[in-house]
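For what it's worth, our numbering labels the leading residue of the sequence shown as 896, then goes sequentially.
For the record, the hints were derived by calculation from the structure and aren't laboratory data. Heads up, the beta-carbon is just placed ideally off N, CA and C, and yes, glycines get one too. Don't take each hint at face value.
To be verified - Restraint ranges, calculated between C-beta atoms of paired labels, are given here: (1) Ser1009 with Arg971: 29 to 35 Å; (2) Ala940 with His1002: 21 to 27 Å; (3) Val1032 with Ala925: 26 to 32 Å; (4) Gly1019 with Val948: 42 to 48 Å; (5) Val1032 with Ala939: 19 to 25 Å; (6) Gly1007 with Trp932: 17 to 23 Å.
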Amino acid sequence: MPETPQPHAFHRRAEARYRPRCTQGGAVSARTEARLWLAQRVSAALLAVLVLVHLATIVHAVQGGLSAAEILGRTRGSELWLLFYGAFVVSAAIHAPIGMRNVLAEHLGWRGPSLDIALLALAGVLLALGGRAVWGVYA
896 MPETPQPHAF HRRAEARYRP RCTQGGAVSA RTEARLWLAQ RVSAALLAVL
946 VLVHLATIVH AVQGGLSAAE ILGRTRGSEL WLLFYGAFVV SAAIHAPIGM
996 RNVLAEHLGW RGPSLDIALL ALAGVLLALG GRAVWGVYA
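Build out the structure end to end from the sequences listed, making use of the hints.
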């Protein structure tokens, strides 16, 4: 195995992980990367189920001739819908920033604490705005 980080004129990623130009730069541990990977996969699985239920509910309501006002009338005060859409928002707030982190790191080379802080702020914005929307459906 070559000892240099760029043995064939391009970065070899995991093969050069302990060299100066490795993909993580030492800022994030392998354990943290594994946890982020798992969090994104779990949130994706949950989002898949939630999106299917959401779309099936919309199709059923629209085919039943319900208007938006009638749908909101039925969801108001329902703890079940509060929990359902709350889980939707939390899953999206976990999934999206992790995905954006990977895209920004790969395509723009943006890594390190500033990226993590920016995406933590994005997660906070998603939680705040999504929580407001969920409360609007419930209250």
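Failing hints, ascending? 1, 3, 4
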